[in-house]
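Trainee: In the order they appear, the protein sequences are chains H and A. Following the numbering used here, the numbering of the first sequence begins with 1 at its first residue and continues without gaps. Following the numbering used here, the numbering of the second sequence begins with 1 at its first residue and continues without gaps.
Be a bit skeptical, because a hint or two may be false.
To be verified - Derived, one-sided and incomplete: chain H residues facing chain A with beta-carbon distance under 7 Å:
(1) 65
(2) 77
(3) 191
(4) 482
(5) 680
(6) 684
(7) 756
What the hints assert, rightly or not - Straight line, CA to CA, 30 Å or less: simulated BS3-like cross-link-like pairs of lysine-lysine:
(8) 485/H to 652/A
(9) 815/A to 829/H
(10) 109/A to 232/H
(11) 57/A to 196/H
(12) 829/A to 204/H
(13) 268/A to 196/A
(14) 232/H to 483/A
(15) 217/A to 834/H
(16) 290/H to 909/A
(17) 202/A to 556/H
(18) 232/A to 217/A
(19) 57/A to 67/H
(20) 204/H to 399/A
(21) 232/A to 109/A
(22) 875/H to 829/H
(23) 399/A to 399/H
(24) 556/A to 459/H
(25) 57/A to 57/H
(26) 196/H to 652/A
(27) 217/A to 323/A
(28) 67/H to 196/A
(29) 652/A to 579/A
(30) 485/H to 202/A
(31) 202/H to 556/A
Claimed, not checked - Covered stretches of chain H, as calculated for chain A (at least 3 residues, CB under 8 Å):
(32) 391 to 404
(33) 822 to 834
Since the hints were made in silico from the structure, they are not lab data. All C-beta atoms, glycine included, are put in the ideal place defined by N, C-alpha and C.
For reference, the chains in residue letters:
2 protein chains.
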Amino acid sequence: MKREVMWVKAMSNAQQSINSPSSKPNASAFLWNQHMMLNVNCRGYLIAQFMQPEPSKYAFAPNIEAKTFMQPEHPYFAHHPGRFFYIKDEASKTVFSVPFAPCNEALDKFKFTATPKQVIWQIEHLGFAIDLCLQLANDAPFEYWQISLADLTGQNRRVSVYSYFTLGYMSWMNQTANYYPDEDSIVAQYVTPYQKLSDYPKLKDTAQCTFLTSSHKPDSWCANQLSFEGVKGLHSPAGIQTVSLNNKPAFYETPVAIMQHRMKLSPKHQRRQFVFGPCHRSAEMASIRKKHVSLCEKAFSSTLAEHAPLTYENFQLQSRDAKFDDFINHWLPRQVYYHGDVNRLTTDPQTRNYLQDNIGMCFLRPSSARECLLRSLEQQFASGEMPDGILIHPEAELKYINQIPHSDHCIWLPLLLEVYLDQTNDTSVLHQMLAFQDSSEEKSLIEHIELALHWVLSKRDHRGLCFIEQGDWCDPMNMVGPKGKGVSSWLTLATATAIKVWIRLVNDYKVDVPTSDFAHSLRELQQAVIQHCWDGNWFARGITDDNELFGISSDKEGRIYLNPQSWALLAGIDSDEYKSKMLMSVDQHLQTPFGNQMLAPCYTQMDERIGRVTQKFPGSAENGSVYNHAFAFWIYAMFTSGEADKGLLNLKEMLSAMHSEQAGQLPIYLPNYFRGAYTQFPETAGRSSHLFNTGTAAWIYRIVIEQLFGLRGCGKDLWLQPQIPSSMGNCDVRYRFRNADIHLKIEFGNTLTPKLEINGRMAKDLRIENVKEGEQYALKFQLPYDKQQRQAKLILVCGVSGAGKSTLGQALAEKLGAVFIEGDALHAKEAIAKMAEGVALSEDERAPWLARLQLTAAQKLAHGYDTVVSFSGLKAEHRALLMSINVNTKLVMLAPSESILQERLLSRKGHFFSPHLLASQLASLEMPSPSENTLVIDGGQQDNVQQLLHQMHDFIAKQTPNDE
Amino acid sequence: MKREVMWVKAMSNAQQSINSPSSKPNASAFLWNQHMMLNVNCRGYLIAQFMQPEPSKYAFAPNIEAKTFMQPEHPYFAHHPGRFFYIKDEASKTVFSVPFAPCNEALDKFKFTATPKQVIWQIEHLGFAIDLCLQLANDAPFEYWQISLADLTGQNRRVSVYSYFTLGYMSWMNQTANYYPDEDSIVAQYVTPYQKLSDYPKLKDTAQCTFLTSSHKPDSWCANQLSFEGVKGLHSPAGIQTVSLNNKPAFYETPVAIMQHRMKLSPKHQRRQFVFGPCHRSAEMASIRKKHVSLCEKAFSSTLAEHAPLTYENFQLQSRDAKFDDFINHWLPRQVYYHGDVNRLTTDPQTRNYLQDNIGMCFLRPSSARECLLRSLEQQFASGEMPDGILIHPEAELKYINQIPHSDHCIWLPLLLEVYLDQTNDTSVLHQMLAFQDSSEEKSLIEHIELALHWVLSKRDHRGLCFIEQGDWCDPMNMVGPKGKGVSSWLTLATATAIKVWIRLVNDYKVDVPTSDFAHSLRELQQAVIQHCWDGNWFARGITDDNELFGISSDKEGRIYLNPQSWALLAGIDSDEYKSKMLMSVDQHLQTPFGNQMLAPCYTQMDERIGRVTQKFPGSAENGSVYNHAFAFWIYAMFTSGEADKGLLNLKEMLSAMHSEQAGQLPIYLPNYFRGAYTQFPETAGRSSHLFNTGTAAWIYRIVIEQLFGLRGCGKDLWLQPQIPSSMGNCDVRYRFRNADIHLKIEFGNTLTPKLEINGRMAKDLRIENVKEGEQYALKFQLPYDKQQRQAKLILVCGVSGAGKSTLGQALAEKLGAVFIEGDALHAKEAIAKMAEGVALSEDERAPWLARLQLTAAQKLAHGYDTVVSFSGLKAEHRALLMSINVNTKLVMLAPSESILQERLLSRKGHFFSPHLLASQLASLEMPSPSENTLVIDGGQQDNVQQLLHQMHDFIAKQTPNDE
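Next up, chain H with everything else stripped away, as it sits in the complex (with noise of 0.2 Å):
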């Protein structure tokens, strides 16, 4: 494997920093090894959980917490796990904290980077500089820090450094720290409790103790926290009030362990290192010492620019996107290695997850695919059903949502095989001769696949749709289908889906097996949802076990679903007939300027038809949320029918979404999800999960080889078929395909057709023929400029409240095919409250509402939508916000009479604004200035509609192309 230096160089600089503790407060980066993963947050808290096998903990809060999977939205709080290190001028006695917390002093100079493989702060505070540096130990669940302190003052200034690394409240049965002087370590024990005698030979055997040790000895140390703490909390310590920590051990307390470190600095850095992390006993802390100290010190005696090439860059970008290429070539092959690698640290990932994953992996390491496949069927049952978790550890059993029948899993098989064959072209594994979980006969893996279409198949309805069981895809979908009748428009799309993809390979890869079966019952799939859940402009979500539809325009709630359309094309349903119906309507329901909504409006209420899902908070999670991984589907079936530029688009929006303030995450992973809900909950729209275990990360690392720069392996070949817009300008790709260097240059140039030279050789048609291992390629590509697109036109409606915007606007949107977006829509619910009680909003509360509607405003137009606006714009200056993001505008100014609106104001109800604010609002309104081209009308009635299409008929016309 051998690489090019030149390489080797430009992948090892990824970072990602920010250079305030307070700008993103939970922004947070993650690491793992084979044993264990963590999540830090820029202020130093910190969740760690190792493999033993199932995942534990080995540092707590101060109370019990309950043994959950990761939560989205994590909350931190003074005490949360953390490793904090208290910074002590012995001479002023001044303290500060850093990375930050729990002193949470503004810092001189804070800078916080993520790394792959390391985490480090550079800090300056009253004229000391100390860089934080952590990284994980390769073999073993233990944390590595290292801090190292300079004076910048000349002064040469003796500090004490304190290490607090939390313990928090270990077990209610026994908890105990203490140092241990010959191994200069603090070890914590306890016993995780329990009550049932059936417990104890399982946990008899866990690590059940935490320890801290250091590279130099400490000066004094304290394990007991609360005599550390004192009383006046943690911002100021007791403990580090007086010379000497008080030595003082816990016993049957909170443990903790810290150690105070006394130095002399100079304006060279001092180093400590810190090795952190469970153990089984203190007995082992003389060999763990041993072992990891002299690593520790290793790890951070390497300077950043050393480190080795990371196995997970196959595919390097280079565009005039500085940021989408670093993110696709180095933050997001790490997130989908970081779940092939270590399976989302589960011992029974979901079976969906998994298969889905492993997708991920067949561009990054493609034998952990092989095993997944085989794996997953080893687990399947004789029936063709497959289980709703996938055992990968011998202790292993199912647990939280792999304990509800979902009927999802069969059909992820032939997705994942679909792209294993053409990465790898290992064709073996088709004939790999496979049991069941309740049977020892042994079948092929084609064989084993077709059972498990077959399976699918059988649990239909007499409609031919699916049955949903307690949850689809949709995990929280559990209502629709309990008792057994209940079906998913979505599972029959995706069962057309992997049976449409089955046929392929049957064909590509010359499977010796009929598929006419499965041809017809394709048709039978597409033609059953056509029939049973087509709503005239969109497919609805599914069919109740009490027989009624839902995800369709009559509901209130739930109206439309992201899913089922995604499905529809990925399933052949792509006739312009059905495709321009759900792409506007996706784009007019489901999209928000952080991606689109997987459902809208969001659930408010417990809907017992549905389930679940619906008590979810309204724009979280599957409720509405921007959930990346029904966004990533969408955004493949745009570019797999044909709407690439769409695709990229959404893509785009997907990673603005990441990097966005409202996000408030570093942008190194794609979140399970942003949150939606972008008309109902409008100011926490966008905030990311910051939870980085998601489907998505696996599906846009696929599109954009696969699908944007059209990499496709097939048989023993690799095809270029690249979907990329002019736009993106010219593009230099590196991409390691079965161990083959490919050296592509994409330009676009006066050329009709693409054209494709290899090695300097024009080629036959856009593939490399039988790719071989070893090889270098240089490809050269010339694409044919797009075509040039007619621009969008933007309308502004605007006036004083009860002037008419809304009815006008909307009518005008009708009549134009426009979009039409409310702006009173967009205010936030304070901002609503407020102004329901009659008091105006300052010009600092009014700016993110602006900010809202611009983003919206532009979104629609980007996606080439016609877009009138409806605002109150009374002033010159929030007119010029909005007309600034389009060339082709107009403004339409409304004007009654003072009576007028009055009177409407007083007869209109279910609106929040107070009719009191009417005279600050025409005290405040600045009549247009002739240059804001601009078209005053007295009213906003109806028949003003037909006299304002005529005043605009020129702009209406005019035709302006979209320039670059």
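Assemble chain A onto chain H, guided by the hints.
Mentor: For chain A alone, coordinates are given in the frame of chain H:
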């Protein structure tokens, strides 16, 4: 139920206070009603649960807490649930919080007071007077709060009061909080997290809202925790830096309930009331407000003195020990009543707890005890077996420890029945017909009891000892008998006791059943224990599945258990042959200044013969704490076996432990344990568990009434057989018995036998015959003075390290039949670690050790034991401390030459003392002055003992009477 006014007045003044939030930081009070229970500590931290029907919370920690039973020594931390009020002086912007947290600032004056129905803080700070009061609603799970403020400076300052009521992390599914202006309330709503469809129906109807409402419309509010707290932390929250709160709701964010009330203060108190609690939906707020805000105002408008008499104050004592009286009169019956009134707020009380708690209710509300008996026996199996828990709610199920099979539940039935019959003479209960859990055939209560006894008797091994299963009274003793072979000596003795009681009831209440078979079984049981479990000086605890006796002198840990000794006496094995040895053994091995440990030495590692108890932290809970329930059995056995003096001494030790600084609690309840492991972890011994759920209360109440004051019903009569030592002095007792009012005056005087006068007439024997409801009985009881006892002697053996103190002291004690106390054994672990490193202790560090030594020696002397104490005693001041505790004291100073000392110290192993300290010891040695009554000898070898005994002949021979 008419009462004398005088009496009522006496009862209404119960209160206990502390004057600092730091002396006992976790000191707490508890309140309950039929719907809820709460425990609030002096700093404002609070734990509350309400029943729906299972115990639920309405305020949480900021992370997902596990659902468990109450934890001992509960840890508090910055973001722990609590109710706090920030006070901001509007002029100076100074902020502090009451009662103490979260600002945790030293307050000018602080008083925290628990009364039976109210918790009160009285605070003065910066010229403000602030009273804070908490009560519970009568018929709803609501907290009533009142804050009242006055300005003491005469400046009529303006303040803002911010009520900070925590809500915490309510759910990962859905959590939201908002202000409802029409109801002046903040309501938080959440969806209890669940995944299984089957959990939905029962969750559906639970209260999933928490509200805060106030008597006065707030000037501003905040329902969004993070936005209020800001960056710095709760000690300096961002939310109160601004003029008003931000009126911000929480949308899937950690909620909180904060209201701002602005006030202009004067010297006259201004009041604001708050109601806080769970509800089902925000729509209920109008009716909740209407009813409860006025009830809340009313609740605080009456003064303490106007409170209604408390129904549980049926026994009122006036003796010379006011602390004793206060606890027995007010707090103990309150604790007893709490247990029986709400059954520990569980829906499935453990059978043994339920029956024993109702032993207490026999004195306070006998109807509850009757109900308990009948309900329990209806859930008996037809085999006679009792279930592990009694379900007291239709939706209840057996949880936690009730899922572990225990073997003792039957034996508590006759014990409860005895007290019930003695208190009520309600013999009708005996003939009550009842069915079974698994059979509809009805049998009389007599038959049920006999079935229960036969069932326990049937579960014995070939030796006649009772099988222990996975635990008898000791829950975590789960590995003695899981194979079905292990037996419990305690259970065998308890069975004997139960049979003994049953035979007594059959005789005294003339039940028409034969008892000869039971009498035979009783003798069998006694003999089996004597034959198989007597270890020479005490009874073993049991025999394991593998036929190993444990709880015996050859065990290194868990050598002696308290319960087998107590119950041997109760079971009638009380001949002097056994009793004197058991008493001496218990006092020598289990006695601590905080009460008797349940076992000793505490286990420091898992013993797989015995089980989970050995994994608990040494000195906590069942692993050798002063487990008060067991200690109460011991005290009961002292009284019933004619050791009333010792019984009272032990009882007062229990109460004084509750008062001690070390316990850290208010003396308003007996905790389930004080930390034990007195010689293993002396520094933490005596700490209260702060848990008030314990069988202790009922037993101690029974002991005081039936044993100490000898007020015991039998048939129609009330017997008076007090066992009060004359040291207790004259007593005045008012007792409500079967609705008769008894006024008993006890006087010690010149009489040889007890004399009883009833309503002015001499009684023919010591009873009121045929006690009549509504009657008043004035009793005068003359008792003779106790015989004077000899006063025990104290010998101190002092000298530098290596002088031979221990060797000589131990030998001396043996010769004299005295108790030996090794001073070094009472050093804290930290002190030992320090000395082992060659660092001398400071006077401050030595002080707690000296106090322990003093306490320990004084206790042995009080129990009548001659006592030899070895300790360095280098300083005259330290020796004086020890000598001050006893009249008869002798000091022996060992003074060998320095060279001998060096040699000895270097050759001895396994002792912590560092030889380097010798010089420092010799330097600080102050040789005794003549006034110290000293023998100075030059060595500590065995052959010195004879010489010493000779020299001390007069001292040893002297018989000093114990004067009061």
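Trainee: Hint by hint, which ones does this structure get wrong, listed from lowest number up?
Mentor: 5, 7, 8, 9, 13, 14, 24, 26, 27
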